[in-house]
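Visitor: Going down the list, the sequences are from chains A and B.
So that you can map any letter, position 36 of the first sequence is 36 in my numbering, and since no number is skipped, the others follow by simple counting.
One gets my numbering by counting positions in the second sequence from 1 and adding 1000 to each.
Because the hints were derived from the structure by calculation, they are not lab data.
Each residue gets a CB set at the ideal place from its N, CA and C atoms; glycine is no exception.
Where hints are given, some of them may not hold.
To be verified - Simulated coverage check for chain A against chain B, where a stretch passes if three residues somewhere in it have a Cβ under 8 Å from a Cβ of chain B:
(1) 19 to 29
(2) 35 to 48
(3) 58 to 69
Residue strings, one per chain:
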Amino acid sequence: MPLTFIKVGQSASIKAVLGKDETRRFLGSLGFTAGESVTVVSENGGNLILSIKDSRIALDRSMAQRIQV
Amino acid sequence: MKIALAGNPNSGKTTLFNAITGKIEHVGNWPGVTVEKKEGLVKATLNPGSRKMTIVDLPGAYSMSPFTNEESITRDFVQKESPEVIINIVDATNLSRSLFFTSQLMELGIPVVVALNKSDLTRKKEILVDTDLLSEVLGCPVISTVSTKSSNNGLGPLVEAVQEVSMKKRNQQPLRVKGAKANATKEEMEQIDRNRFALVNDIVARVERRKIDSSNHTFQDKMDKVVAHKWLGIPIFAAIIWLVFSFSQSWVGPWLADILVGWIDSFYGFVEGVMGDTVSPVLSSLLLDGIIGGVGAVVGFLPLIMVLFFMLALLEDSGYMARVALVMDRFFKKIGLSGKSIIPMIVSTGCAIPGIMATRTIKNERQRRTTAMLAPFMPCGAKLPIIALFASVFFGENAWVGTSMYFLAIVVIVISGLIIRKITGDTSSSYFIMELPEYRFPSIKRAIVSMFSRAKAFIIKAGTIILICNAIVQILQTFNWQFQVVGQSAPDTSILASLASPLAWVFIPLGFGIWQFAAAAITGFIAKENVVGTLAVTFAVTNFIDIEELALVAGSTDVMTVFGIGAVAGLSYLVFNLFTPPCFAAIGSMNSEMESPKWLWGAIGFQLGMGYVLSFLVYQLGTLFTTGTVGAGFLGGLIAVTAMVGYVVFLMSRNAGKVLKPVVGEVA
């Protein structure tokens, strides 16, 4: 299911990242790769703040939907 | 010897660069401040040897495969210019991501030295990093650094390590990433990336001990919940901007400016006394009223600008600006831009030129050009004197004038963004991904350094271009076309008056059809500081800071009488100067970033039209509300404004029936 289904405060393990090669690889270089654990820290008006690889990343909804957990 | 500084965005490369070279490049606590490579020499105190060491600061990159424009600059540099050593700056609190890039750098065959930066934060976060083991595993020197500290910051050992690895002829061995090879296919690349992360995770597990899981909810996250809140975010941003303007324009700024203006006045008196009657009146008035008076009027605002830059530097250092991008992303999406476009606009609050340059981080061409076109609408430091002058003359030094101009700028940007999206017919939307830097207590020292470097630039500008412009204005208003000195009784016969008067006609519907204002608006296109300078010269007033004193100088009971316009027209003039094209220098950078004459001229035309229409609305509506009738020149202005709006509507309608391009994603 897409990451947007995960409740605030919960963690999940990434299964796959969908989308164009380039976008997927950019997300990959930030740490969004299969097997990594991601936590939804908060949600602000549609944008998510995630914790991945010891940093906080803000991501919009359409991007978050590409991340399958 | 050439050394490259490479690392993830916001790992502190430019801060380290400044500390190592003694330069003052712009830094900020958000990813993507640096968009161009910058060079400098290692300070002599750090480099006792005779060999010169050139350090090149590169824009931040998460990986060697370029996804963003900054990353391409970085990759091209390390691959093509083959530096002798790469200093890889690694954020000590984020090894698990940073080492991904490190492992890629090590595959280039160039010796790498790792600077484990922000190592002061590891203690605070209770992270233990075994640097010796890390160095052993990576096979390259690892030096702990704290580039924000001025001493004992690890930079000495870092430079030593760089010199050491450059002497050694033996190449470092790259990490063994499974399947890594030069000409991998896309599928293979992805597998390699995954293997690379697996290897990095492995290393991190060995060298790092964390007591607190980084995904735990922290105070920082609580802050984000408030400042980046859906509804609270905007009012909080407004309150902060109001505070910035209050400090610079109402509280601290004017108090300091009074002192400075006192000095300028004494200098004026001193020069006047020295010259006495020995110098011809024309020359003495050129020197006194034109140069000292005109430049002095501009320089008088220096304290306000310095306070503004100080406050902005504090904000940039705190980490708040990245949250502003997050808050504004929602609105910017609606106009076909993303939160990424916010950064250039925030930078433009200082000066539009770096703001326009910051658009380079936007990949989508239409969005990049649109942002470069709209960013100069933000009130920059050079526009501050105009705001401060008109706020104090007409609205009693109210900080709300500056704040509302700031937010009017945002509204204008949003509307303009929509218009441009319709004109271009490009509906591609963009994605928003941004690393949120940690909040930190802003450094007063860094803010002071940044403030003085901006003040220096301002003074240099005042002493060169502003001085020349004021001298020319003074000469043009002293003589008539027969090169006779214009008498006090007939100032309207001067060359300047006859040049500016026809233009003044155009401004009648805007409420300021007076040649002095027209002349000041024109010189304002050269540099916005000129507006205040030219007004000072043409109205023969020198002290714009202390309004009571100004009234005395002009021999009038109130300043509005000196200007000969009311508050509504004053506001209209302010709006006109803020929303018409910025200075020549900014137009120059628009030219280089847009790379299209069509876009450049479109932008200049659009900005002129926007300034005119807004100003017309402010004056005519304002006059209607305050007096019950429309202002002077309403009909003529209405025709002009209708023509401009009609043309824009025509341009927008051309694409109305067109099959719109599919939505193309963009990595922000």
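Visitor: Compare the structure with each hint and give your call.
Guide: Against the structure, the hints:
1. 19 to 29: holds (count 11)
2. 35 to 48: Coverage by chain B holds for the region 35 to 48 of chain A (10 residues, Cβ < 8 Å).
3. 58 to 69: holds (count 5)
Of the numbered hints given earlier, the model fails none.
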